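Novice: Sequence:
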Amino acid sequence: MVIPPLTTMRVTRRWNSLAAITFLGNRHVETTVKRGYEDYAEELGLKLVDPADFTLIRTPFKKGFRYKRIDGKLLSPKDEARIVALVIPPAWTDVRCCGSAKGHIQAVGQDVLGRRQYIYHPKWENVRNSMKTNRLLAFGKALPRIRKRVMRDMRSKPTSGKPLAALAIKLIDQKAFRAGHEKYAKDGGRGIASLKSTDLKIDGNTASFVFAGKSKKTNEITIKDPSAVKRLRLLKRRGRLFQYKDENRWRKLHAGKLNEYLREISGSKVSAKDFRTFHGSARALAFLAGIEAQSESARKRAVAAAMRHVSEFLRNTPAVTRSSYVHPLIIESFNAGELGGALLRSPHRKGLSGPETGLMRLLEGER
Numbered sequence: 001m002v003i004p005p006l007t008t009m010r011v012t013r014r015w016n017s018l019a020a021i022t023f024l025g026n027r028h029v030e031t032t033v034k035r036g037y038e039d040y041a042e043e044l045g046l047k048l049v050d051p052a053d054f055t056l057i058r059t060p061f062k063k064g065f066r067y068k069r070i071d072g073k074l075l076s077p078k079d080e081a082r083i084v085a086l087v088i089p090p091a092w093t094d095v096r097c098c099g100s101a102k103g104h105i106q107a108v109g110q111d112v113l114g115r116r117q118y119i120y121h122p123k124w125e126n127v128r129n130s131m132k133t134n135r136l137l138a139f140g141k142a143l144p145r146i147r148k149r150v151m152r153d154m155r156s157k158p159t160s161g162k163p164l165a166a167l168a169i170k171l172i173d174q175k176a177f178r179a180g181h182e183k184y185a186k187d188g189g190r191g192i193a194s195l196k197s198t199d200l201k202i203d204g205n206t207a208s209f210v211f212a213g214k215s216k217k218t219n220e221i222t223i224k225d226p227s228a229v230k231r232l233r234l235l236k237r238r239g240r241l242f243q244y245k246d247e248n249r250w251r252k253l254h255a256g257k258l259n260e261y262l263r264e265i266s267g268s269k270v271s272a273k274d275f276r277t278f279h280g281s282a283r284a285l286a287f288l289a290g291i292e293a294q295s296e297s298a299r300k301r302a303v304a305a306a307m308r309h310v311s312e313f314l315r316n317t318p319a320v321t322r323s324s325y326v327h328p329l330i331i332e333s334f335n336a337g338e339l340g341g342a343l344l345r346s347p348h349r350k351g352l353s354g355p356e357t358g359l360m361r362l363l364e365g366e367r
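In terms of full-length UniProt numbering, the sequence shown is residues 1 to 367.
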């Protein structure tokens, strides 16, 4: 999965130029970015494909599966070997595979929770990692500005839209709450925007949340920040917790409004999920930086311990934490013996913690 050095350099430069405009979020930019993706694919010997056009399907067969074309014809031995090598999870349903070995996406399917999942060509993973790097860098640069504006907007009572959104973002930043999209709330899983008044208990200067999160897993979160607890006391005590008054009507704060607020105060196309990825990566780096693991088994144990540590904060499984919330460069650098404790050195960047500063240094190319 390693791209030759010259190719890597060209891809990185092209992506950096694209990264500056992808956060503007208009149609012209989307077209430009798509052309950039096509350039990537061509340079890597791949082609962009649409899963809607996939012609290979997986069907049950005896105690396992077999793959065939949608017209019923069986695959060639070469195609079958390629698809089997993808190791598509047996629990996936509605599995479709690319008819070409050069497609940037090789397979799609639905997991047990009904979510669309993708298996990419190994070469394309390098491009995806570049995308992750630049998204985290852009978020890290915007984070001090976000925090400063949140503190300013929280000076008003959380009975109108912006002060309420600011309070929600502060809690997401401190405790990695999920945004709380309505589609998950309907299935019984809640995030910050969809919390109910009954999910919150305040005792003195401590606020405690107990609620069913994603996959209906019980979340228990304690807030001791005085300014946050003070404002939580003022929230509506019936129905949805995060509601605000607009033209004498109570309106729910939706996750979409949270992301709109974030884009407004940051000047970038960031989302609430970026907090979880940024914090997950920063905490993993802080855990691993400076650890001297001499053997492969010691490195595996250290990485596993780091993922458990981060997963407790994010309230995920270690596997999901590693695949979705910790930048792969952190583990790659650690395994190569290049994740030095110097990344956490002072001075820290204004508006960022030590681990957050270390993450920015790593993503910018320091070791």
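These aren't lab readings, by the way, just hints derived from the structure by calculation.
Misleading hints may appear alongside valid ones.
Computed list of lysine to aspartate or glutamate pairs in EDC-like fashion (alpha-carbon distance at most 20 angstroms, straight line) [stated by the list, open to error]: (1) 300 to 338; (2) 350 to 332; (3) 102 to 173; (4) 141 to 111; (5) 62 to 94; (6) 236 to 199; (7) 257 to 173; (8) 214 to 53; (9) 157 to 247; (10) 102 to 182; (11) 214 to 225; (12) 141 to 264; (13) 214 to 173; (14) 123 to 225; (15) 273 to 260; (16) 141 to 364; (17) 217 to 203; (18) 300 to 332; (19) 183 to 125; (20) 230 to 173; (21) 216 to 111; (22) 123 to 43; (23) 63 to 80; (24) 217 to 246; (25) 102 to 53; (26) 273 to 312; (27) 132 to 199; (28) 162 to 173; (29) 216 to 199; (30) 350 to 338; (31) 47 to 125; (32) 269 to 199; (33) 102 to 80; (34) 214 to 312; (35) 201 to 225; (36) 73 to 53.
FRET-style restraints, in silico, Cβ to Cβ [stated by the list, open to error]: (37) 203 to 159: 21 to 29 angstroms; (38) 319 to 85: 19 to 27 angstroms; (39) 336 to 128: 14 to 22 angstroms; (40) 113 to 53: 21 to 29 angstroms.
For clarity, every value in this text was computed on a predicted model and none was experimentally measured.
Even for Gly, the Cβ is constructed at its ideal location relative to N, Cα and C.
Novice: Indicate, hint by hint, whether the structure satisfies it.
Specialist: We went through each hint and held it up to the structure:
{"no.": "1", "hint": "300 to 338", "result": "holds, 15 angstroms"}
{"no.": "2", "hint": "350 to 332", "result": "violated, 27 angstroms"}
{"no.": "3", "hint": "102 to 173", "result": "violated, 40 angstroms"}
{"no.": "4", "hint": "141 to 111", "result": "violated, 34 angstroms"}
{"no.": "5", "hint": "62 to 94", "result": "holds, 18 angstroms"}
{"no.": "6", "hint": "236 to 199", "result": "holds, 12 angstroms"}
{"no.": "7", "hint": "257 to 173", "result": "holds, 16 angstroms"}
{"no.": "8", "hint": "214 to 53", "result": "violated, 31 angstroms"}
{"no.": "9", "hint": "157 to 247", "result": "holds, 16 angstroms"}
{"no.": "10", "hint": "102 to 182", "result": "violated, 37 angstroms"}
{"no.": "11", "hint": "214 to 225", "result": "violated, 25 angstroms"}
{"no.": "12", "hint": "141 to 264", "result": "holds, 15 angstroms"}
{"no.": "13", "hint": "214 to 173", "result": "holds, 18 angstroms"}
{"no.": "14", "hint": "123 to 225", "result": "violated, 45 angstroms"}
{"no.": "15", "hint": "273 to 260", "result": "holds, 13 angstroms"}
{"no.": "16", "hint": "141 to 364", "result": "holds, 11 angstroms"}
{"no.": "17", "hint": "217 to 203", "result": "violated, 24 angstroms"}
{"no.": "18", "hint": "300 to 332", "result": "holds, 12 angstroms"}
{"no.": "19", "hint": "183 to 125", "result": "violated, 29 angstroms"}
{"no.": "20", "hint": "230 to 173", "result": "holds, 17 angstroms"}
{"no.": "21", "hint": "216 to 111", "result": "holds, 16 angstroms"}
{"no.": "22", "hint": "123 to 43", "result": "holds, 10 angstroms"}
{"no.": "23", "hint": "63 to 80", "result": "holds, 18 angstroms"}
{"no.": "24", "hint": "217 to 246", "result": "violated, 33 angstroms"}
{"no.": "25", "hint": "102 to 53", "result": "holds, 14 angstroms"}
{"no.": "26", "hint": "273 to 312", "result": "holds, 17 angstroms"}
{"no.": "27", "hint": "132 to 199", "result": "violated, 33 angstroms"}
{"no.": "28", "hint": "162 to 173", "result": "holds, 16 angstroms"}
{"no.": "29", "hint": "216 to 199", "result": "holds, 14 angstroms"}
{"no.": "30", "hint": "350 to 338", "result": "violated, 25 angstroms"}
{"no.": "31", "hint": "47 to 125", "result": "holds, 14 angstroms"}
{"no.": "32", "hint": "269 to 199", "result": "violated, 30 angstroms"}
{"no.": "33", "hint": "102 to 80", "result": "holds, 15 angstroms"}
{"no.": "34", "hint": "214 to 312", "result": "holds, 14 angstroms"}
{"no.": "35", "hint": "201 to 225", "result": "holds, 14 angstroms"}
{"no.": "36", "hint": "73 to 53", "result": "holds, 17 angstroms"}
{"no.": "37", "hint": "203 to 159: 21 to 29 angstroms", "result": "holds, 23 angstroms"}
{"no.": "38", "hint": "319 to 85: 19 to 27 angstroms", "result": "holds, 21 angstroms"}
{"no.": "39", "hint": "336 to 128: 14 to 22 angstroms", "result": "holds, 20 angstroms"}
{"no.": "40", "hint": "113 to 53: 21 to 29 angstroms", "result": "holds, 25 angstroms"}
Hints 2, 3, 4, 8, 10, 11, 14, 17, 19, 24, 27, 30 and 32, counting from the list given before, are not met by this structure.
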